[in-house]
Amino acid sequence: MHNTRNQPSARRFLSWFNPIGRQTGSWAFILNRITALGLTLYLFLHLIILGRLAQGPHAYDSFLLLTENPFIKLGELAVVAAAILHGLNGIRIVLTSFGVGVTRQKQLFYGFMAIAAVTILFFATRMYMG
Amino acid sequence: MADKWNITLRVYRQKENEAPHFDDFKMEVNPHEYVLDAVERAWAFHDRSICFRHACHHSTCGACGMRVNGVEKLTCITLIRDVTHDGAALKVEPLRNFQVVSDLAVDMTPFYRKMEAVEARAVLPVTEAEIETPPSSWDADDALHLRLSDCIECGLCISACPVAATTPEYLGPAPLAAAQDQGLKRKPELLSVVDCEDGVWRCHSAFECTAVCPSFVDPGRRIMNLRTQVVGMRLRKLFGKA
Amino acid sequence: MSQTTSSTYGSSPRPGETTWLWLIKIVTGPLLLVLLILHLTVNHYLGSSSSGLMTYDDIIRYFQNPIIPAIEILFLITVVTHSLIGLRGIVLDMNPSRRVLSAVTWLLSLLGVASVIYGIWLALTIASIGA
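Residue numbers (this note's numbering), protein chains in the order written: chain A, 1 to 130; chain B, 131 to 372; chain C, 373 to 503.
Take these hints with a grain of salt, some might be off.
[Unchecked claim] If you only want the chain A side, here are some residues facing chain C, beta carbon under 8 Å, derived:
id, residue
1, R12
2, F13
3, I34
4, A36
5, T40
6, G51
7, P57
8, D61
9, L64
10, G87
11, G90
12, S97
Just so you know, these hints were derived from the structure itself, not from any lab. Think of the CB as a built atom: it goes at the ideal place given N, C-alpha and C, for glycine as much as any other residue.
Only chain A is shown next, with the shape it has when bound in the complex (with noise of 0.2 Å):
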């Protein structure tokens, strides 16, 4: 039998993206998985330019204004919507990884979302009203 240890393959790897034939849980692992992609992405980019705090307050505050511009403001409500989604979906990860709610894991699931739904909406009308 040839080992497949060695053959990386794009088609493979990117089958754990498709969420078609899946159910629940797959949905859960796909969401997870994005969400964790864009708050990495996030987390490096957000340290990058916090690095302008060392160069003073006038290349600080120039960039804050760019908070002000709408796409700059969708992209903030993104990161919050994703690190909601990952960090409730992640509660119910850890549950069941320690036997708790294991065979309710889908009942878990819509729970949690529904929550992040209810705070996401709460968090979009604070940043475009408040």
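Following the hints, complete the assembly by docking chains B and C onto the known chain A.
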């Protein structure tokens, strides 16, 4: 409910070195029959070259696992009325994450080899089985009575698992569940088999295995339990208590 | 075909490695939730002089309280660890060879250590500006 339905059975066809395609078979079925009955009818009356695996017809042998309308099913216990309706199509495909040998038959060898690697039990003492309502106490000779293991090695869980799709080397739900069934305390040698990148840590909690398991193994729950067993064992080793 | 099962499975170069990585990830997860709520509350509600984000002056003033850089540094270490272990998990699904995988592990470790050092330097710099 009418006792005769007209359905179109869409069968995945692929012979060696050929591109896959679907063959349609229009047939009359009783909706209370099983999907495997329809496949057998296509073979018996339409096309003798359709290749598929089956044996016991009562969910014990685990041979007839297929994807029915995209979802992994043990076709011998899947009622036609539950997966299609009168005048509609019924699509049967081979299991995912396995090599197709011919049409609906796949090569289960890598999977069986993994089951061997974890020394999966075919039978177990009835006193160790997970029974819904166990007696309040067992008699001394009850342990002599054996019970068939819940897992029928049908491979549906491997087919449904999104991680098995990325890595053929991943042990997979059924073998990990079989390791959990024996317990690392009883079989410490299994630790090195399951505690690796292609083992118990590879699971991403999609629980597809549990969703499709036709035999109450609940591999998802068992994988989670196996993890706590591994962590416990590693911690004990770290503090020199193993 | 003739490979023995024991050499095919359970052939991780360092047994137990993934156990610790998993344990770290599952412990840092809930910790991150707490730290993130702290981080956001501090930065957007307590620290800001206006209704929006903290300005340069806000941040300099806020970092005078030694608890703030302490929380931020702890948050940074936790979030970098959690995200890079997660990233490695995604790389695993690309079926890397053993050599590529260990290179990736080293690279991610380096990135993690570098970003933590950078973050600590930044936090201390900000704290020293206002001092």
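Here is what the structure says about each hint:
1. R12: With a minimum Cβ separation of about 7 Å from chain C (threshold 8 Å), the hint on R12/A holds.
2. F13: Hint on F13/A: holds, closest Cβ of chain C at ~5 Å, below 8 Å.
3. I34: violated, 11 Å
4. A36: The hint holds - A36/A has a Cβ within 8 Å of chain C, the shortest such distance being about 5 Å.
5. T40: Holds - the Cβ of T40/A comes within 8 Å of chain C, reaching about 4 Å at its closest.
6. G51: holds, 6 Å
7. P57: Because about 4 Å separates P57/A from the closest Cβ in chain C, which is inside the 8 Å limit, the hint holds.
8. D61: Hint on D61/A: holds, closest Cβ of chain C at ~5 Å, below 8 Å.
9. L64: holds, 6 Å
10. G87: Holds, because the Cβ-Cβ distance from G87/A to chain C comes to roughly 5 Å (cut-off 8 Å).
11. G90: holds, 5 Å
12. S97: Because about 6 Å separates S97/A from the closest Cβ in chain C, which is inside the 8 Å limit, the hint holds.
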